[in-house]
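Participant: Below, each chain spelled out in residue letters.
Protein chains: 2
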Amino acid sequence: MSEFTEEEKRGFYKAIYSRRDVRSHFTSKSIKNEILSKILNAAHHAPSVGFSQPWNFILIKNNLTKKKIKESFEIEKVRSSQLIEEPKRSKYLSFKLEGILESPVNLCVTYDPSKFGPFVIGRSSIPEAGLYSVCCAIQNLWLAARTEGIGVGWVSILSNDTLKDVLELPEYVVPIAYLCLGYVDEFAEKPDLEKAGWLHRLDLKDVVFFEKWKEKENSDWKEIQEMIKTNLNYA
Amino acid sequence: MSEFTEEEKRGFYKAIYSRRDVRSHFTSKSIKNEILSKILNAAHHAPSVGFSQPWNFILIKNNLTKKKIKESFEIEKVRSSQLIEEPKRSKYLSFKLEGILESPVNLCVTYDPSKFGPFVIGRSSIPEAGLYSVCCAIQNLWLAARTEGIGVGWVSILSNDTLKDVLELPEYVVPIAYLCLGYVDEFAEKPDLEKAGWLHRLDLKDVVFFEKWKEKENSDWKEIQEMIKTNLNYA
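Listed in order, the protein sequences are those of chains A and B.
Sequential numbering from 1 applies to the first sequence in my numbering.
Sequential numbering from 1001 applies to the second sequence in my numbering.
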C-alpha cells in the first residue's frame, strides 16, 4: 500500500485537475446506490480533528425540498446583486450558478460539534478546526465524484436559516455545504468564472510565501522560487 | 480526459484511504523542490468560492520559527489537558501529537478575505465560504503529498495569536492550518487515535441521513440504506 506507481499518481492528479464546480450540463441519468455509497465512504474517510468525524450527509431528492432551496437561492442571488454596480451586476445575474432542480441528488453536509464532545483533541485552542474537518470531507467527496464521472456543484448563494428550517437541523448543527450531484455530459476544461473572464487564475508564485507573510524572496528557498515562476502545467 | 480507467480510480482511492495524519515516523530525507511545487500546485487547483483563490502557502524551514511554534504547542497542550480528568488526561498527554521539529518542511495555510474582494460571487450570503475554500485546498495538498510518499500532520494545538505574530500575518488574514511535511518510514494502517482506542471509526450508516436531519429510514432511499449497513471495505 505504500508507494504509488506512475499510473496511480496519474489517476490521482487527473481527479485534482479535471474536477469542476458544475452548475449545468447535468443529465437525467440516475446515480447507482453503489456509486453513491462509494463517494460517501470516501468523504467519511477524510481527516478530522481528534478523529471526531463531525460530519453528516443528508441525501435529498424530494422535489419540494429542492424547490424551497432553489427559492432561497433566487432571493439571495438578487439580494447579493445589489452589492455591485452595472455592468458587473448584469453579468453576474446572467451566470448559471446552481443546478438544484436538474441534478438528481442534492446533498447537505453538516457539522455537529457535539459528536464525541465536549472535549475533542486539537479543538480546544482552535474551535474552528471542527468545521475545517467537514470541508476536508467535502473535498474528498468532490474528487471521488469526479473519478466516477459525477459532477458536483456547491451552492453557497442561499440562506442557511432557510436550509436549517427545511432540513430540520437542530440549533447546534451547522450546515456547511449544499451540493448538487449528477452525471454530466461534459466537465469544462476551465472553471466557468475563468472562462467567462470574471476572474483569472492566479499564478502559483503569487500564492506562495517563504518563512513569513508576503516574503517572496528568501535565500533559503531560491531554487523553488525559480521553479514556481515558470508556470506548472499539470492541468 | 473524461472517463477514468479502473487503474486511475484505484490510484485515486488509494490516496483517499491510505492518507494519514502523521505526527511521527518522519525521516530526515529532504523534499525535492519539484515535488513540493507539485503538491502546492495541486492545492492551488482546489475549488474556491467565486473562483477567489483566497489561500496563501507560507513555507517554513527556519528553526527559530519552528521552535516558537513548538513552544506554543506545548503551552496549549498542557492548557487543554486541564479540561479533562484522569485517567484520560494522562493518556492524552502521552500521545505524540505533532512533528514540528522533526519534519523538514512546515507550512502555514492562510485565508485572505481581501483577495478579489470585497464582492466575491457566492460569499455574500455565507461569508464563511471563503474559509471553506482554503480547507479544500488543504485536503488537495494532503492527498497529493500522500501519493508522493510524503506525510502531513495538521497541528491545531497552538495559539493562532502566536502564529500570526511569528509569521507577521496582517490582522485581516486568518491562519487556517499549520502543517508538518516530510517523508515517513511508514503510513499507519489506521489513524493513531483509533489504534490507541481513544475513539472508534463511526459506521457509514451512522453519518448518513435521508431528506432531513436524523432520518434514517426513508422509503425513497431503501436500497442505499441497506447497502451502507454492510460496512464498505475499500480501505
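There may be inaccurate statements among the hints.
When the alpha-carbon atoms are kept at most 27 Å apart in a straight line, the in silico DSSO-like pairs for lysine-lysine are as follows [claimed, not checked]: (1) B:1205 with B:1229; (2) A:68 with B:1190; (3) A:115 with B:1229; (4) A:29 with B:1088; (5) B:1190 with A:164; (6) B:1066 with A:214; (7) A:212 with A:195; (8) B:1190 with B:1088; (9) B:1205 with B:1222; (10) A:32 with B:1009; (11) A:222 with B:1190.
Just some of the chain A residues that point at chain B, by a computed CB distance under 8 Å [claimed, not checked]: (12) 49; (13) 84; (14) 86; (15) 90; (16) 104; (17) 142; (18) 158.
Hints were generated in silico from the structure; no laboratory data involved.
Cβ atoms here follow ideal geometry from the backbone N, Cα and C, with glycine treated the same way.
Participant: Need the list of violated hint numbers for this structure, in ascending order.
Facilitator: 2, 4, 5, 7, 11, 14, 15 and 16
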